[in-house]
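S.K.: If you read the sequences in order, they're chains A and B. In case it helps, the working numbering puts the first sequence at residues 1 to 337. In case it helps, the working numbering puts the second sequence at residues 1 to 244.
Just so you know, the hints here were simulated from the structure itself, not pulled from any lab data. A hint or two may mislead.
To be verified - Subject to a maximum C-alpha distance of 20 angstroms in a straight line, what follows is the list of computed SDA-like cross-link-like pairs (lysine to any residue):
1. LYS167/B to GLU279/A
2. LYS167/B to SER278/A
3. LYS185/B to GLN277/A
4. LYS185/B to ARG214/A
5. LYS185/B to GLU279/A
Said to hold, decoys possible - Derived, one-sided and incomplete: chain B residues facing chain A with beta-carbon distance under 8 angstroms:
6. VAL15
7. LEU16
8. GLU19
9. ASP39
10. ILE41
11. PRO62
12. ALA84
13. HIS85
14. LYS103
15. GLN141
16. ILE143
17. GLN190
18. ASP192
19. GLY226
Being a predicted model, the structure only gives us computed values, none of them experimental. For glycine and all other residues, C-beta sits at the position ideal for the given N, C-alpha and C.
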Amino acid sequence: MLIAARVLGAQSYAYWNDWLTCFTALLAAHTLTACARILLQSLCFDHPVACWIALFAAIGLCWSPSILIAYKFSYMGVPMSTEFSFLFYALLVACLLVVPAEVQAERARWTRRAERLQARRDREQRMQRQLAEARLTALQGQIEPHFLYNTLANARALIRQDAAAAERMLQHLIHFLRSAMPDLRAHSTLLGQELDRARAYLDIIGMRMGERLRVDIAASDEARACQVPPLSVMTLVENAIQHGIEPQVAGGAIHIGAVCAGGRLRIEVLDDGAGFQSELGGGVGLVNLQERLATQYGDDAELRVEPGAQGGVRAVIELPARKTGVDADAGAVADAA
Amino acid sequence: MNAAATAILVEDEDVLRTELREALARFWPELAIVGEAGDGIQGARLLSERSPRIALLDVRMPGLNGVELARLAAGRCHIVFLTAHNDYAVDAFDHGAVDYLLKPLDLGRLARTVARLQAALGKRPADLSALPDARSGGPLQWIQASSGGQLRFIAIHDVQCFRAEAKYTCVVTARFEAHIRTPLKDLLAQLDAARFWPISRSAIVNVGAIDSVQRIDDVLSVRLAGSPRWLPVSGAYQSQFRQM
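Extracted from the complex, chain B is given alone in its bound form:
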């Protein structure tokens, strides 16, 4: 095995890439930078062509982002993330990234990263292929849906209920109905569970929009504000209404 330390730098801002290259040359002169890229796609090519032992990857990049690149590398090299935000660092560490560097670059911190990398070189690189996406925010906030040939932008708290239809999911608000392609199951995973409750396999309701709940002969149904229709709650989903 080739013992020489090789690395690639993938960072979309030239100025920051130059700074990092110069700083690395000072702290670790033996490290050979075998390639640099300004976007994720170039970075992916470097990964396969140069087979570096270390990859320093910016998290937010055009083309492929740093997380997608790290998944591509899948255990072939040691990963260090560069980011202006440390909220992603914990996830990255859990999955075996050697370190992360915060921007603006702290030289003392870089020295520690170099030491860690040198220690890690003797070991097998961790496989980061299961690393989750850097989340862009909290739970779902808005939906882009089409209604009567027009695209509408709907804030999530304006939605009264989601209903599964043949090919689409129907988004019901107090004023209109619209359609999206995302299936109910995927939607449920992204919704705030305290606010949106599934009532059957084909409907999710906004708890805040429920006007009344009734039980007739053990059949539970809910009615939404401003709607005359009673929506049945199927057996498996009834327990959440017990406190109401």
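Chain A extracted, bound-state conformation:
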């Protein structure tokens, strides 16, 4: 420490003045370059070639005057103090160092930008794909072949055995298809329409299962006027029938309830069927519904599927209670037509 202090102290005032001038000039040139670059590049609207030109313009603008001035002083034979020749060489060397460093930094900036853009594009694509998949599955769900074929098989067999029942069944099927068709592309539908569709579906299943199925649907008018994603209730009802009630020899009961309170809509589908046979499931219906809710409502909507109090399964959808909108009007018009 002592030795270092003595060495430093031994230098003349002019020596330190040289260093200080040099340092200040370099700092000023560098800061000015950065400012000029940001200013010029902001005018380039992210065009890559223009940005590169702006970078070099900034370097040229801010470094050349100081180099020129320094050079001129030394050239004009003005009594050359050490500080000027020192400044000149320092500026020259610094400029030569700055150019590759800036080029490197600029390249890194472009890579980062590209990565950010790619990530955003990926995210958007994923969202789009999810939406498309959800729609496709909704479409497939709407015309579940097993259900359709079984219903047609019944209707045809009934024509011989009980013509009146065959007619009733076909009527239910027409009602079901009509209520399912209009909003294949809609983002939302009214809960009332969803419940009508579920009713038509359960009427058909009821005819096929006979005494084994008991149905109870309870929803206030206020709740029926709320918007829900298409097929949200149907997904839960189909699950309750296929996995809960159909596998039971004795059949079972299904309850659908909907209440509107405190700006929230709460839909409940309850069955007393077989319940969860396993912790693991292969059906895409529920996962899809959860995704559709997340896409449309974010954290504002929730789907819970849990064991019911008296066996079976209890599925609950909670979402913001939104009354008629553009989509709903379109749905109503389509229904009337």
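Starting from the known structure of chain A, arrange chain B on it as the hints suggest.
M.R.: Just chain B, lined up with the frame of chain A:
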């Protein structure tokens, strides 16, 4: 051996059973229907009490389904499946089912089935006890797991990793951890192999949730997004990371 053709019909929908019975009476009047049942359990009783030579079984039924019934029959009678969906038919054929009938019933098709059954009667019935279950869907899609005394419904793509613990399997998502009873080994068999990779005997990770992979002194480990922990990849499982 009794040469008379005897059959049972097991189908949960009365209307369809009646239709099939009437159609069979038209195409094969000599066939004696020795029993009918509306669910799998009744069907199983008929199988053992009446010892029919032919069983026409609906695939989807309450109680026991048609596949389980066919396994029970295990080579004692010829099996024909009834189904609204033909995606199961290939499996059934591979295992020796005589035929399958699609609903709604096609009478021309039924005539062919009758001909096949008549030809098969002279032979030994195939043993269908190895018939696999009619699959309800593709790979695993969701998990029902308990977390803090609450049951949660987790979509499979939200799972970051599965970890074996003393008695349970821990399901880790970005927001919480939950537990299931299914062992890791059974889980692995049902997961989409392109998306879920085992990294050791006690952990399976979702490839999409991997944030970074590092190798220090030949020890490979992975870190999941949003987690500070490095999970070691044991030797046998390292090869799948080689391309990363």
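S.K.: Now look at each hint and say whether the structure bears it out.
M.R.: Status of the hints after comparison with the structure:
| no. | hint | result |
| --- | --- | --- |
| 1 | LYS167/B to GLU279/A | 15 angstroms, holds |
| 2 | LYS167/B to SER278/A | 17 angstroms, holds |
| 3 | LYS185/B to GLN277/A | 19 angstroms, holds |
| 4 | LYS185/B to ARG214/A | 40 angstroms, violated |
| 5 | LYS185/B to GLU279/A | 15 angstroms, holds |
| 6 | VAL15 | 5 angstroms, holds |
| 7 | LEU16 | 6 angstroms, holds |
| 8 | GLU19 | 4 angstroms, holds |
| 9 | ASP39 | 5 angstroms, holds |
| 10 | ILE41 | 6 angstroms, holds |
| 11 | PRO62 | 5 angstroms, holds |
| 12 | ALA84 | 4 angstroms, holds |
| 13 | HIS85 | 5 angstroms, holds |
| 14 | LYS103 | 4 angstroms, holds |
| 15 | GLN141 | 5 angstroms, holds |
| 16 | ILE143 | 6 angstroms, holds |
| 17 | GLN190 | 6 angstroms, holds |
| 18 | ASP192 | 11 angstroms, violated |
| 19 | GLY226 | 16 angstroms, violated |
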